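**Q** Work out the full structure, taking the sequences as your base and the hints as a guide.
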Amino acid sequence: MAAVLQIKDLVKVYPSGTRGIDGISLDVHRGEFVVLIGLSGSGKSTLLRCINRLVEPTSGSIVFDGADVTGASGPELRRIRRRIGMIFQQFNLVRRTSVLSNTLAGRLGYRTTWRTIAGRPSAQDVIAAFENLGRVGIADKAYARADALSGGQQQRVGIARALMQHPDLMLADEPVASLDPATSHSVMKYLEEINKKDGITVICSLHFLSLARRYGTRVIALKGGKVAFDGKPADIDERRFKEIYGEDAVEVEIGPERSTPQPMSATDAALLAMAEDTGHGPVPDIKT
Amino acid sequence: MAEYFTARGLPVPRELQRSPLTDWRRLSVVAVAILVFYIGLRIVNPDLSRANPAYAANVILELFKWDTSILTPQNEFETFWNTAEGLMIATIFLGIVATGFSIVVAIPLSFLGARNIMGGHPVTAAIYVLVRLIFTIVRSIDVLIVVIICGVLIGIGTAAGVVGLAFHNVGVLGKLYSEAIEGIDPGPLEAITATGANRFQVIWTAVIPQIVNPYISFTIYRLDANVRLAPILGYVGGGGIGVLFFQSIQLLAYGAAGLIIFMIVITVAAMDFASAQIRRRLL
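If you read the protein sequences in the order shown, they are chains V and G.
Here my numbering is used: the first residue of the first sequence is 71, the next is one more, and so on.
Here my numbering is used: the first residue of the second sequence is -6, the next is one more, and so on.
You may find that some hints are simply not true.
[What the hints assert, rightly or not] Estimated spans, in silico, between C-beta atoms of each pair:
| id | chain 1 | residue 1 | chain 2 | residue 2 | range |
| --- | --- | --- | --- | --- | --- |
| 1 | G | ASP135 | V | SER248 | 46 to 56 angstroms |
| 2 | V | THR183 | G | THR61 | 56 to 66 angstroms |
| 3 | V | SER143 | G | ALA269 | 24 to 34 angstroms |
| 4 | G | ALA119 | V | SER143 | 12 to 22 angstroms |
| 5 | V | ASP138 | G | ILE271 | 48 to 58 angstroms |
| 6 | V | TYR84 | G | GLU175 | 20 to 30 angstroms |
| 7 | G | ILE120 | V | GLY136 | 30 to 40 angstroms |
| 8 | G | GLY113 | V | VAL81 | 52 to 62 angstroms |
| 9 | G | ARG274 | V | ALA252 | 56 to 66 angstroms |
| 10 | G | LEU275 | V | SER192 | 31 to 41 angstroms |
[Unchecked claim] Residues from chain V that keep clear of chain G, each with C-beta distances beyond 12 angstroms, as calculated:
| id | residue |
| --- | --- |
| 11 | GLY136 |
| 12 | GLY141 |
| 13 | THR182 |
| 14 | LYS312 |
[Stated by the list, open to error] Facing chain V, a subset of chain G residues (Cβ under 8 angstroms, in silico):
| id | residue |
| --- | --- |
| 15 | GLY189 |
| 16 | ASN191 |
| 17 | GLN194 |
| 18 | TRP197 |
| 19 | ALA199 |
| 20 | GLN203 |
What the hints contain is simulated information worked out from the structure, not anything from laboratory work.
Predicted, not measured: the structure shown is a model, and the values here were computed from it.
Ideal Cβ placement from N, Cα and C applies to all residues, glycine included.
**A** In structure tokens form, the structure reads like this:
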């Protein structure tokens, strides 16, 4: 297995002097579903954001699929970023615009500035947006305003937006921390599906060890900005758990999964057919 | 009351303490306020010796004997735009045009004056500080002073009024716009940046949808304020109906002055109503 991501001696010191990441080296292989666990402030978010340079690392190197992330700048960095999808705890959709606009935003890295201003996405992009929304089961919400959707639906838009990038790597920063248990499983299953079916490597930070065990092929635990555990999910026993989370910690379970990812519904299929029929005109910004 | 706490060895809560000290502090604040007011009155020394109640009463009566001749051209050289209603309309548009100019300048500057857009790099951060400083300086010079200076620089008249009003308004709108940008949710910026979009695409996609409503709201607020301000600008060389008002007072034509005041009141009330309606419909 080729390493899609190589991190060496990564350090991030914040201006306040806090060492967010304190010397992390790890390789992530193609097709892995890596779950990052650890207490709040252990460096999970910082590590994820260093990978696509939303956070500027202080030192160390990150190589993504042969490209030097830490040394890249300007257009080079943007070319790397567009192959790394990311979803967020707070979904980070542009709330006042439509679900479709939000999904199309995933193509920005491939689009010229001029096309962005003109607001005319290409026909292929619009079709791809409907396909990706269909994959996460919300093609019928394409013209709804993003903030009209429930949390789980918004996160699925986030996934659709990331899929628009045709990513090789998907970063997920606490993707289900704002969701209820049932919705959490549905979102995690979409991540599992893109990992298994599309072969997209996933690095996902999670709070619940039960979710990590259920979905991860590999678990990396961070503690104080360092790797405290790196191995199979099954290998985290009581002793390791206490090492990661502290002596007083007790493991809590997230409820069992109930819903399964819906296949594309009849409505979605009809909408997709409509989108293909209409000659791919400009996409209206529906405000509800 | 306090025994409950002293019997248990606890400190008595401040709420139950009524020491002379706290009372003394409160009293001294009132005493200082009265003293400042008294000293101020002595320094200002308002002189009412020239006031004439009978004359004042007469002028007030005169203000209500409206001279409607100013509503029609006075001689063959005058047109509709020299009449009071013509000047009133021109004055309203003076406020609108000045606001328009200031919007065009303030919108691009507001992005340079927003910390969340410009932070992160020393050069852009310096531009941010500079732009904000300019906004503050521009805003701190009162409109009337700016218009007086503009009258000197480019000649008395509507040009001075428009330029002066627009200049001041760039400072006000720029600050309001910049703060609207700083108040947006940073999450979408992060997400759009992560897709590989460039800085301009990030602003276009993640920032602009979030600032449209505050911008409209602030613009209407300033348009309202500027149209209210416009009538007075003529008094300091800014053109418009203020000039006619100034002349009427100078010529002791209180009937004309009274009618102009009434027209301004009607205009401001209408503007108030209109801007409230627009805001309600739009937002």
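**Q** Would you mind marking each hint as holding or not holding in the structure?
**A** Now for the hints, and whether the structure bears them out:
For ASP135(G) paired with SER248(V), a C-beta distance near 49 angstroms keeps the hint of 46 to 56 angstroms intact. Between THR183(V) and THR61(G), the C-beta spacing of about 59 angstroms keeps the proposed range 56 to 66 angstroms intact. At roughly 50 angstroms, the beta-carbon separation of SER143(V) and ALA269(G) lies outside the given 24 to 34 angstroms, and the hint is violated. Checked against the hint of 12 to 22 angstroms, the pair ALA119(G) and SER143(V) passes, with Cβ atoms roughly 20 angstroms apart.
Separation of ASP138(V) from ILE271(G) is about 53 angstroms and conforms to the stated range, judged on CB atoms against 48 to 58 angstroms. Our hint of 20 to 30 angstroms for TYR84(V) and GLU175(G) holds, since their Cβ atoms are close to 21 angstroms apart. Checked against the given bound of 30 to 40 angstroms, the beta carbons of ILE120(G) and GLY136(V), roughly 37 angstroms apart, stay inside it. Evaluation of the 52 to 62 angstroms hint for GLY113(G) and VAL81(V) yields a failure: the beta carbon distance comes to about 19 angstroms.
Take ARG274(G) and ALA252(V): their Cβ atoms lie about 41 angstroms apart, and the range 56 to 66 angstroms is violated. The beta-carbon spacing between LEU275(G) and SER192(V), approximately 32 angstroms, falls within the hinted interval of 31 to 41 angstroms. With 12 angstroms as the threshold on Cβ separation, the claim that GLY136(V) sits away from chain G holds: the shortest Cβ distance comes to roughly 17 angstroms. Remark: the non-interface label on GLY141(V) is consistent with the geometry, its nearest Cβ contact in chain G lying 17 angstroms away (cut-off 12 angstroms).
Distance check on THR182(V): its Cβ comes as close as 9 angstroms (rounded) to a Cβ of chain G, failing to clear the 12 angstroms threshold; non-interface status is violated. The Cβ of LYS312(V) sits about 34 angstroms from the closest Cβ of chain G, beyond the 12 angstroms cut-off, so the non-interface label holds. About 2 angstroms separates the beta-carbon of GLY189(G) from the nearest beta-carbon of chain V, less than 8 angstroms, and the hint is met. Below 8 angstroms, beta-carbon pairs count as interface contacts, and ASN191(G) has one with chain V at about 6 angstroms; its hint therefore holds.
A hinted interface residue such as GLN194(G) counts as satisfied when its beta carbon comes closer than 8 angstroms to some beta carbon of chain V; here the least separation is about 5 angstroms, so the hint holds. With a least beta-carbon distance of about 5 angstroms to chain V, the hint placing TRP197(G) at the interface is held under the 8 angstroms criterion. With a least beta-carbon distance of about 6 angstroms to chain V, the hint placing ALA199(G) at the interface is held under the 8 angstroms criterion. Because the closest C-beta pair between GLN203(G) and chain V is about 7 angstroms apart, less than 8 angstroms, the hint holds.
Hint compliance for this structure: hints 3, 8, 9, 13 are not met, and every other hint is.
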